[in-house]
Structure formats: structure tokens, C-alpha cells
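Undergrad: Chains A and Y are the protein sequences, given in the same order.
Quick note, the first sequence lines up with residues 0 to 532 if you use numbering that gives the first Met the number 0.
Quick note, the second sequence lines up with residues 0 to 311 if you use numbering that gives the first Met the number 0.
Incorrect hints may appear among the rest.
To spell it out: a stretch of chain Y is covered by chain A in this simulated footprint if at least three of its residues, at any positions, have a beta carbon under 8 Å from a beta carbon of chain A; those stretches are [what the hints assert, rightly or not]: (1) 155–163; (2) 254–260.
Incomplete in silico selection of chain Y near chain A, CB under 10 Å [unchecked claim]: (3) F130; (4) F147; (5) L149.
Simulated from the structure, these hints should not be mistaken for laboratory data.
Nothing here was measured: the structure is a model prediction, and the numbers come from that model.
Think of the CB as a built atom: it goes at the ideal place given N, C-alpha and C, for glycine as much as any other residue.
Each chain, letter by letter, is given below.
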Amino acid sequence: MKTKKLLLISVLILAVVVSGCGGSRSTATGDKTEPKKVLTISWPLDVGPLNPHLYRPNQMFAQDFIYDSLVEYGEGGAVNPHLAESWSISPDGKIYTFTLRQDVYFSDGSKFNAQIAKKNFDAVLVNRERHKWLELVNQIDKVNAAGQYTLEIIFKNPYYPALQELSLIRPLRFLGEAGFPEDGNTAEGVKAPIGTGPWMLSEYKQNEYAIFSRNPYYWGRRPKVDQVVVKIIPDGETRAIAFERGDLDLIFGSGLISLHSFSQFRDSGKYQTMISGPVATRFLAINSNRGPTREHAVRVALQHGVNKQSLIDSIFYGIEVKADTLFSPQVPYSDLGLQPYEYDAGKAKSILESAGWVQTAGQEFRQKNGQLLELDFSFDIADDVQKALAEALQGELKKIGVKINLIGEERQSYQQRQKEGTFNLIFGETWGAPYDPHSLVSSMRVPAHADYQAQAGLPMKAAIDAKITEVLLSTDERERQELYRYILSTLHEQAVYLPISYSTNLAVFHNNITEVLFDPQKFRIPLVDVDIK
Amino acid sequence: MGRFVARRIISLVPVLLGISLLTFVLIHLVPVDPAEVYLRLSQIPPTDEAVAVIRAEMGLNKPLHQQYFDWLWKVVHLDFGKSFVTKKPVMAELLYYFPATLNLAAASLLIVLLISIPVGVFSALYKDTAFDQICRILAFIGASMPSFWLSFVLIYILSLELNLLPAFGRGTLAHLVLPATTLALGAAAVYTRLLRTSMLENLNQNFVLYARARGLKEKLIVVRHVLKNALIPVVIAFGMTLGHMLAGSVIVENVFAWPGVGRYIVSSIFNRDYPVIQAYALFMAVVFVLLNLFADIICATLDPRIRLGGDK
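Excised from the complex, chain A in its bound form (with noise of 0.2 Å):
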């Protein structure tokens, strides 16, 4: 009896070991055609429902690689056809008139055309509150299909970076018909996602892997590998050792894999590497409403106390390129020639001191009026990176006599500091293109924003957010230049960013695979001209 009861246990225990092993798994879709050239990447995130009009858990290379934008941001800051393969502006720059590509299908065989464009747009802006981050979203009035092709944009005002919005991944890129939910309103959830875009989902396993096929009816460039195979790992050590072993094909983006492990293997010489040009900023955001960040000249002496090149190379392996300025002069009117603060150790001291913050002898930190010179310095402790620079900060501002509390907190409550400004320095990044600089520079007038905080003891504040409000608005270039130029010296000056350097791009991939590029969008994975010899 006792055997029998041993044995039941035993086999119960070995039943739901098995029971999760359903063997190897195949990574084809079940079509009877063998796939011939499947691509492996990894992420470190499910896909998520690939809802183009929603946010996270959407991620959104994967939103991009199925569904199409009107136009495509280009190198240069350039809007390129693609949707549309033409479009006109009314002289007041309030109606946008698109001619649509009468070629286009969906994945499933049905036919894009300006009836379906409006219906996507009219689904987001019916949700116009979730989408208040974004200026186009705003200033858009009305979205018209003036004919089977034309579609018709008109704006509550002019609003110039209305093209380089439009070429967004999220959240105006083009649902098909039979993926729509009953009652039209695609916050709440899509049926199935059914896009424009050079791939389609073929199979999917929440957590595991998604599987995009070559969408049949797509109207570009044929991708030239038949399937991209997602996998899920959350871990980028782990993710490092899976290409080793060849589990993976490619390797492609920011914050993947740790820095070091990026340098191990283009030291190798065994596989390919890139890094792509600048992407967006890394910097630090001085609060100007708060505590010693007040004053102008600590926080000019913050700026000389830095040594960039030397956190860099130590962090960052040389890899990221030191910033001087919050945007690189790579970015549409950002190339102002702005002075950098170099780094001068002795100069920030100096410039302390003359504020009448001196550190006596015995004194590991200086002192004005009894007051501690310390800092507050908010940081997403899940970030390596972020966490790894807050540590290096705080060995190099006491150098200069400046002490740092280092905040580490979980994301929700880093963010909640953002927004209510309880920092003296946190760390930010631009959003990089198409972004930049307007995005940014919009949001630095929301308060629920670091920027906005950051700013708010600036005597110029009004002045600031009153040009930002003109620059987007603007429909005259030169006009635009000079607003800029007002906007970025200005905080240049005020001395409220700490620029770091400028993020990058990596890809890594085995000798095999060919035709790896870099998009000028951040967020983007091009694999359409990617092949496996």
C-alpha cells in the first residue's frame, strides 16, 4: 500500500515535470514549406497585443515592423514618401493633402486607402487625452478622405513638425479593417494586427518568442529573409552567451547587452560589430527651483567638475561619444556653436568659492551660511547604467567639494520625483529621431515633466516656454532658426542640463549575416535589406 502511495506521489511529481516539455519546438509557422532563411533576435520584453495606436507593452520595434507610417523620417532630419507618395501644404499651413500609393495592402489582402487612413486616425483622436504628450495629435482638427487616394489633414493651427510626427512609429500608423474592435475604439484593445508593414505575427507565445513572416501583399522592398523569430530574454548576459552559442543571429539596439560585453566581442574579431552615430543625449537635469541648484554659479561649476571623457571610457568603453551641448549638431537646428564647458576642476572650485561656498581645512564639503553644499541625485535603480554613472558622479563632485546623496528608487517612485521636482540632479535623455529637438522641447512646458521642474526657477521660464510655444507654431525657417537658437543657448547658458554623451546604436552579428544598417529613428530594427549567406 505504501509502495503504491510512493509511486502515485512520484509519478505526480513527474507528470508535471513532463508536462511543460511539449519537445522541440519548431520555429516554423506550421506551413508545410520549410522556411529557407529565418533571422533570430532577442528582446528583452514580450512584443505585447502590436496595438499601433497604444503605448507600452506595445513594443515598439515591433509595432514598426508591421505597421507603415504616412512618411518616413530620413537621414538628415528628411521626410521621405512612403504611404504617401505625395503631399501639399496650404499657404496658411493649416491643411496637409496627401496623395496615398494606390498599391498598398494589407497583410490580410485588403486594401489600404484614405478610408481606412481617416478611420485610423479618427480611432486616435477620439482618444486625444492619451495621446497629449504629442503636439500633432493636439493641433490636428479634422482628418477628411477627400477621395478613394486623398486623404485631408487639417490643423487647429500651423504647426511645422507635423511631417517628422507623422513618420512616428505611435501612435498614427494604419490598423486594417478586420482588426478593428466591434466598436471601432482601439484604446481598449485590437482584434488582430493586421498592418501595411514588410512583416506580419505568424505565431506568438506570450513571454516566449513571436514569429513575423514576410507579409505576401507588402508593396516595398521584399525583405530577403522569410522569417524574423523573436525571442524573449529578459537578461542581457544571458542574451550575450545565446549568440555565442549561435542562438541568435543579430543583436541590435541600446542597452541590450552590457557595454562590456559589446567590447569582448568586437575585440574577439569574431564577429561583426557596429555602432551606429549619435541617437540621442544622456544628461543630467539640474534643478533651478531647489536647494543649491539655484544658484547659477553651482551650477556652472557643476558643469566644469565633470570629467566626461574619463566616465566614458570607464562606463562606457568608449563606445558613446562625450556631449557638450543637450542636443548634437546633427540635429536639425541645434548646430548653434554653443560654447562647451570643459571639464577644469580648478575653475568649478574657484567659481564655489567666489559664491561664497568654501570648504575650511578638515572640511570634507563646502559650506555658505552654515549650509551644507549637498545635492540630491535621483536615479531608476534598476538602471545599470544610470546607476553605475550616479556612483562615478559622486566620486568626482567631491572632488570639488560637492556632496551627492544618491537616491536609488524603483521607477514609479524615480518618476514621481520627476514630476513634483524633489531632485537637485536626475537623470534624462533626449528622445532622439524624429524627436528631436521639438518633442523635447514641447514637453519641457508640461509640469508633470524633469525638464519642466528643472527649469522652473529660471527668471526666463515664462520667456522660454512662450518661444517654444512660437517655434512650433512657426511656419517662417528663419524664424524657426533664431526661435531656437533663443531656446537651446538660453538653457546652454542657465547651465540646467549637464550633457553627458551621446547614446548609440550597437549591432552585433555573426560573419553570415549581411546588410545590417542603422536607421536614423531610434527606435527602429531595419531588417528588410538584411540577408543570411
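Given the coordinates of chain A, assemble chain Y onto it according to the supplied hints.
TA: Positioned in the frame of chain A, the structure of chain Y alone reads:
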């Protein structure tokens, strides 16, 4: 036995109610407003008006006790609400991820049993021999190795260098070996030592002396009498360990890309996805309480004194 089980089950009701209250209160002590979290995760700017609307929708304006009873009523009907992030029902999500964790925990349990019972028994029978000393050292090493380190060592050697096993993912039995072994080794080390100590205590009991005097075979004495008694503290401790394994081994699931509850709850905690955190805390409390109950029942089966003593 029936009365013993019934009494234990009835005693669980106040425990579970207490846990539900604690879970609810702890979540409400966290300084960030759930309405603001919801808005941020939905990419809606948390303006005062928007927060007020969501607070009303979520019932956060009601008195705390009213909120608790509303929540409890839904929980009784297995409605834990929807995730702020995925917008899917939390119960469905937990049930989606739980089988993977159960699968991993069961495999780990099997490895722990296969290692700790024979090694623990032989270490006790061959006390202070070279075998016992080596096992002692290995147990100390096993118990002190951090799982993230062990994970990467195993991946490096068995997956990358020797190419024997897959490095990540779920699918075949081979995929299960590395994560289950990582999870099991630490526990196996502890249980080996626990069983050895328990065996040694029982080997010195009078009933063993009497059994030997009766001329019973040594093998029979060890298996039927000593091991049976020695297993009682091990079974009790096992209830807790299995609970920890089922709670989802966060590190192991992350390193091996194992799609279980651990990964799910960590991302929910980072996002402050309150409905998920609340449901998970309660769900795991129930799992722990039930495992304890099972451990008690097994102990009562192994040792009639436990249930009979309780019935007096």
C-alpha cells in the same frame, strides 16, 4: 485523520482573512497613488482632473473599509481586476504563467529528492567517513552559492563550452535541466544536512536499539523506522521551500528566460501594477498555507502521534 484535516482547514479561514487584510493595507500604505500609476502606464498625463476621474472609477474615494470589502467580494468571485499594463484579467495572467513555474518547481523538487535523500541517509550511516566529509563540504558550497552566479557558471560550462544543454527558454526536457538544477542545488544542500542530522538523532533512539535486539535487518531498520521518523522535520521544511519555488524564482526565471510567475511579478512590481501585486500576494499566501496544510497531513500520516495527540 478526517477530524484532524477538517480542524486544520477551518483554522485556515481566519489566517486567509488576515492575509487578505494585510495585503490590502500594505498596498495602500505605499506612497504613490494607484490612480496616478494607472494613468502613467496608460500614457495619459496624470493631471489633477484625470487623477480624480480614475480615482472615482477605481473606487479610491470610498472609505478604506468599504474599498476592502468591495475588493474582498470580487476576490471571493476570483475577480482580481485587470492589469494596469496589459489590461488583461489578472487571474487569467497568473494562471497563464503559473504552469511554467509549477513545472520548474516540480523538476527542482525531484532533483532535491534525488540528491538529498540518498546523500543525507548515507552521510548519517557513514558518519565522519571521507564520504561524509566530502558531502559536508559540497553541502556548504551548494548552500552558499548565489543562484545568479551558479546560473551563469552552469550556462557557461554546460551550454556554451560543452554545448550539452540549451542556455535559455522553455520547451523540451533539456530546457528544464539547467534552471531546475540551479534552483535545486541550494535546497538539496540544506536538506542533505537536515536529513543527516535528523537521521543521526533517530539512530540513537531506543526504538532502533530494540529493533536491533529483535534481530531486524539493518536495512529494514533504516528504511522503515529511522528514515520514516527522520523525514518529519524535512517534510515540514519542504513545505516552505516548495512555496518559495512556486512563488517564482525571480533570478533563475530571468537568467534562463523562463516564462514563469517570478518574471511576471518582478515586472509588475517595477511598474507598480497594483492589481497584479495584490493578487499575487494573496495567491502566494494561499499556496503557502495550503502547502503547510499538506506538510502537516503528510507528517500526521508518517507519525500517528501528531494526529492522535491533536485529537485528545
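Undergrad: Compare the structure with each hint and give your call.
TA: Results of checking the hints against the structure:
no. : hint    : in the structure
1   : 155–163 : holds (count 4)
2   : 254–260 : holds (count 4)
3   : F130    : 26 Å, violated
4   : F147    : 9 Å, holds
5   : L149    : 13 Å, violated
Going through the hint list in order, the structure does not satisfy hints 3 and 5.
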